[in-house]
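2 protein chains.
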Amino acid sequence: MSEQKLPSRAEDFAEWYNAIVLRADMADYGPARGTMIVKPYGWALWENIQAALDKRFKATGHVNAGFPMFIPMHFLEKEKRHVEGFSPELAVVTIGGGEQLEEPLVVRPTSETIIGNAYAKWIKSYRDLPVLINLWNSVVRWELRTKLFLRTAEFWWQEGHTAHATAEEAEAETQRMLNVYADFAENEAAVPVYRGRKSESEKFAGADASYSIEAMMGDGKALQSGTSHYFGQNFAKAFDIRYLDKNNQQQHCWTTSWGLSTRFVGAIIMVHGDDKGLIMPPRLAPHQVVIVPIYKNEAERTSVMEAVARIQAELIEADIRVKVDDRDETPGFKFNDWEMRGVPLRIEIGPKDVANSSVALARRDKPGKEGKSFAPQAGLAATMIEMLKTIQQSLFDRALAFRNANTSDPKNYDEFKAAIEKGFALSYWCGERECEAKVKEETKATTRCIPFDQPSEPGVCIHCGKPAKGKAIFGRAY
Amino acid sequence: MSEQKLPSRAEDFAEWYNAIVLRADMADYGPARGTMIVKPYGWALWENIQAALDKRFKATGHVNAGFPMFIPMHFLEKEKRHVEGFSPELAVVTIGGGEQLEEPLVVRPTSETIIGNAYAKWIKSYRDLPVLINLWNSVVRWELRTKLFLRTAEFWWQEGHTAHATAEEAEAETQRMLNVYADFAENEAAVPVYRGRKSESEKFAGADASYSIEAMMGDGKALQSGTSHYFGQNFAKAFDIRYLDKNNQQQHCWTTSWGLSTRFVGAIIMVHGDDKGLIMPPRLAPHQVVIVPIYKNEAERTSVMEAVARIQAELIEADIRVKVDDRDETPGFKFNDWEMRGVPLRIEIGPKDVANSSVALARRDKPGKEGKSFAPQAGLAATMIEMLKTIQQSLFDRALAFRNANTSDPKNYDEFKAAIEKGFALSYWCGERECEAKVKEETKATTRCIPFDQPSEPGVCIHCGKPAKGKAIFGRAY
Numbered sequence: 001m002s003e004q005k006l007p008s009r010a011e012d013f014a015e016w017y018n019a020i021v022l023r024a025d026m027a028d029y030g031p032a033r034g035t036m037i038v039k040p041y042g043w044a045l046w047e048n049i050q051a052a053l054d055k056r057f058k059a060t061g062h063v064n065a066g067f068p069m070f071i072p073m074h075f076l077e078k079e080k081r082h083v084e085g086f087s088p089e090l091a092v093v094t095i096g097g098g099e100q101l102e103e104p105l106v107v108r109p110t111s112e113t114i115i116g117n118a119y120a121k122w123i124k125s126y127r128d129l130p131v132l133i134n135l136w137n138s139v140v141r142w143e144l145r146t147k148l149f150l151r152t153a154e155f156w157w158q159e160g161h162t163a164h165a166t167a168e169e170a171e172a173e174t175q176r177m178l179n180v181y182a183d184f185a186e187n188e189a190a191v192p193v194y195r196g197r198k199s200e201s202e203k204f205a206g207a208d209a210s211y212s213i214e215a216m217m218g219d220g221k222a223l224q225s226g227t228s229h230y231f232g233q234n235f236a237k238a239f240d241i242r243y244l245d246k247n248n249q250q251q252h253c254w255t256t257s258w259g260l261s262t263r264f265v266g267a268i269i270m271v272h273g274d275d276k277g278l279i280m281p282p283r284l285a286p287h288q289v290v291i292v293p294i295y296k297n298e299a300e301r302t303s304v305m306e307a308v309a310r311i312q313a314e315l316i317e318a319d320i321r322v323k324v325d326d327r328d329e330t331p332g333f334k335f336n337d338w339e340m341r342g343v344p345l346r347i348e349i350g351p352k353d354v355a356n357s358s359v360a361l362a363r364r365d366k367p368g369k370e371g372k373s374f375a376p377q378a379g380l381a382a383t384m385i386e387m388l389k390t391i392q393q394s395l396f397d398r399a400l401a402f403r404n405a406n407t408s409d410p411k412n413y414d415e416f417k418a419a420i421e422k423g424f425a426l427s428y429w430c431g432e433r434e435c436e437a438k439v440k441e442e443t444k445a446t447t448r449c450i451p452f453d454q455p456s457e458p459g460v461c462i463h464c465g466k467p468a469k470g471k472a473i474f475g476r477a478y
Numbered sequence: 001m002s003e004q005k006l007p008s009r010a011e012d013f014a015e016w017y018n019a020i021v022l023r024a025d026m027a028d029y030g031p032a033r034g035t036m037i038v039k040p041y042g043w044a045l046w047e048n049i050q051a052a053l054d055k056r057f058k059a060t061g062h063v064n065a066g067f068p069m070f071i072p073m074h075f076l077e078k079e080k081r082h083v084e085g086f087s088p089e090l091a092v093v094t095i096g097g098g099e100q101l102e103e104p105l106v107v108r109p110t111s112e113t114i115i116g117n118a119y120a121k122w123i124k125s126y127r128d129l130p131v132l133i134n135l136w137n138s139v140v141r142w143e144l145r146t147k148l149f150l151r152t153a154e155f156w157w158q159e160g161h162t163a164h165a166t167a168e169e170a171e172a173e174t175q176r177m178l179n180v181y182a183d184f185a186e187n188e189a190a191v192p193v194y195r196g197r198k199s200e201s202e203k204f205a206g207a208d209a210s211y212s213i214e215a216m217m218g219d220g221k222a223l224q225s226g227t228s229h230y231f232g233q234n235f236a237k238a239f240d241i242r243y244l245d246k247n248n249q250q251q252h253c254w255t256t257s258w259g260l261s262t263r264f265v266g267a268i269i270m271v272h273g274d275d276k277g278l279i280m281p282p283r284l285a286p287h288q289v290v291i292v293p294i295y296k297n298e299a300e301r302t303s304v305m306e307a308v309a310r311i312q313a314e315l316i317e318a319d320i321r322v323k324v325d326d327r328d329e330t331p332g333f334k335f336n337d338w339e340m341r342g343v344p345l346r347i348e349i350g351p352k353d354v355a356n357s358s359v360a361l362a363r364r365d366k367p368g369k370e371g372k373s374f375a376p377q378a379g380l381a382a383t384m385i386e387m388l389k390t391i392q393q394s395l396f397d398r399a400l401a402f403r404n405a406n407t408s409d410p411k412n413y414d415e416f417k418a419a420i421e422k423g424f425a426l427s428y429w430c431g432e433r434e435c436e437a438k439v440k441e442e443t444k445a446t447t448r449c450i451p452f453d454q455p456s457e458p459g460v461c462i463h464c465g466k467p468a469k470g471k472a473i474f475g476r477a478y
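These protein sequences, in sequence, are chains A and B. According to this note's numbering, the first sequence is numbered sequentially starting from 1. According to this note's numbering, the second sequence is numbered sequentially starting from 1.
Derived by calculation from the structure, the hints in this document are not laboratory data. Among the hints, a few may not be true.
One copy or two, either will do: identical chains are not told apart, so a pair holds if it fits within one copy or between any two.
[Stated by the list, open to error] Here are the simulated SDA-like cross-link-like pairs (lysine to any residue), alpha carbons at most 20 Å apart as the crow flies:
| id | residue 1 | residue 2 |
| --- | --- | --- |
| 1 | Lys440 | Trp122 |
| 2 | Lys440 | Ala418 |
| 3 | Lys471 | Ile450 |
| 4 | Lys55 | Arg321 |
| 5 | Lys203 | Ala14 |
| 6 | Lys471 | Phe57 |
Since we're looking at a predicted model, the values are computed, not measured.
This is chain A alone, in the form it adopts within the complex (with noise of 0.2 Å):
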């Protein structure tokens, strides 16, 4: 509940997140280390992202399945740096139905190997050609510090996994589904990402590239919100997955992957919240608009509503995801409590307004006088749905108002580091491992990513000075 005051966003971001986390009862630190219980108004706002997200992978041709959630040790070795990659981060099934097991098993922490096996068998010809399969499920990586939706041992999420019968229909895929993550980011969550290449030391373990959307949070650090891989015929050769082509020769196939996790519950979070808790963008809000009645006694209360089943009744019919808040508390308590909770809209419904046919509204987006008005009661699905619009674009041009401020591109490597203090520096860079491991030594900045659009002007590394390959975003991360 929210009778205490939250930690200030500005003072201690860490802790006011965490507070809000758990207070707003998104979610909450489940029994085993590292583990994490999504409760059920965290999980209201993970089913939005997972509609509005499928929606967009049925469009483009993608189907769901369902694979199992263990993997025979041996499979992870089949692809070098991959079993590199993950080994560190694994649990592992040894005892199963009170017996030692002959081979462990492993928790999925990612599914390319199981997936590779099966496509191994399953594709036989071009015909079969792509295979565009999306998984949802939970994945483990073995994880000590948690940090509810950014960090735990186990989280949810969608894996993509296709195959194709070239190179190139497999590189379109995996910018295709970076654009959906883009999409879905910037247009549900109103949260705006830079889209870019990730360096050869920050992708994927047995991908030939990786590419992501990264978003900066409330505190200038960079949430990596997407993940889009490539794998050029690695995977397919680890696992033999061959088709016959149309002149009859055996052909290995290109695969790809892709992946947005319960991470993304954090950059909304980070992204929009503040002094007084949550916002969530009206188009994934478990509940956009909130009413509250205001009476004080019996005869009051009837009348109040009765105008109030009447407004719900309206706007459930405009497909307004609405909540009445009838419980038995002070209306001050219930206001605090669902902009805690970050309900986009706010109704009030007094004896005053039912006379006057109107109602007052609250944005949660604008607290104080700015955010207040009233309406008439006539129209009022057409005017919520106006303003839910408006919220959202708000929103949206907050937060790409914030990233563009905290961006900058340094002239030298010491306004370098006092960008980094703030938020991202687009810089020129070598392109080398060992000059980004040093940028990261020094600043706690890593490439987040390399972005498409590049400048046309050659220039040199703002660490090494050697002439450089294009610009990088850095940044802090999560």
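Dock chain B against the given chain A, drawing on the hints supplied.
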């Protein structure tokens, strides 16, 4: 693919079932023993089952959440009968992040214990009750004799977990959810079910009472298709789930759980399928209608495909799930393939149909001439909606007639044994565990449930002749 003939359903039901599951691309074996891959076509059916149930859960006030898959071993030991029931089936993680764990983690076989631990923490007052949470996830029960969908080491399901202030409320919830399952089974899946209480020896480990819906498969055997459990205060006491009542007294809660799993996919296959393959109930079918274009040359193709595209658009507009099969295969091949996959309605469009502004129709549930007809293209969507309703009803009626014809009321134990060979026996039973065990030993039949509808006359046990407590449904079960 469907080139090969399926095994005969009458001659070898088990082989017929396995062949359908594999050839219709419903599922495949996973690499770890006992595990299953649900392929996209099977998953699409599961998604429709999920949607139909989820809508009902939400309409009855439930919300979804996400709980961790890992449960500390000592949690299971808190409820004595629970750990006894599940111990032999556990998969245990003993290594995490490369190190031996101090306490092993169980991969959830069901979540009562981890839910109990969370509810104890979350519930403080009567104002917090009831808690009505559902989880969509997968669980693991060690199992080496794989039968796809029916018996696998990992399966997908939903598990509802509720906590209440009184025994009456918890009992009512248990019944409510059993009724939700029965409504779903009969009205969405066209699978008639018996509702009743499980015997003491068949009930859930840790429950005071278990209830189930029981369906008859095409071979006369029973499939427990959904269960609902009343725990009294067992888990509340084991996990100390307490609330402060209105009189400021600490009280233990009363809890329930209820689940329905991917086993239900097996029920749909075994209740409706025939020698040509699957028959999907229209309300859950991934594709409700398939359109097969028929043409001999490019000119015919152009005019046929124009009509196909127009009709497809009209059906989509009417929310019919329609698939156009434009593969480079013969119409005959396509007919067999979609019959095997059980699409309820087929539309054929050839040059003559284009000329006549009509289409040829074929009902999957009535193979041969009886299911064939023609319909005008005008108003086709409305025609389809009506025919899909007819097919849905016809599948239910057929399954009900079959079940009733194979459920008998034997006069003596010899007749009982004969009845069990065919299907269910609805027989007086003394209620004793020993008697039930002997019947099982002698006939392989178990008590499926004790139906709520009971005769008013007393009777004697079909096996031992002692006074009966009422009638039970006996049957051999999957």
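Going through the hints against the structure:
1. Lys440 to Trp122: neither (44 Å within a copy, 41 Å between copies)
2. Lys440 to Ala418: within (14 Å within a copy, 78 Å between copies)
3. Lys471 to Ile450: Within one copy only: 6 Å inside a chain, 72 Å across chains, cut-off 20 Å.
4. Lys55 to Arg321: both (19 Å within a copy, 15 Å between copies)
5. Lys203 to Ala14: neither (27 Å within a copy, 48 Å between copies)
6. Lys471 to Phe57: neither (31 Å within a copy, 51 Å between copies)
Violated hints for the displayed structure, listed by number in ascending order: 1, 5 and 6.
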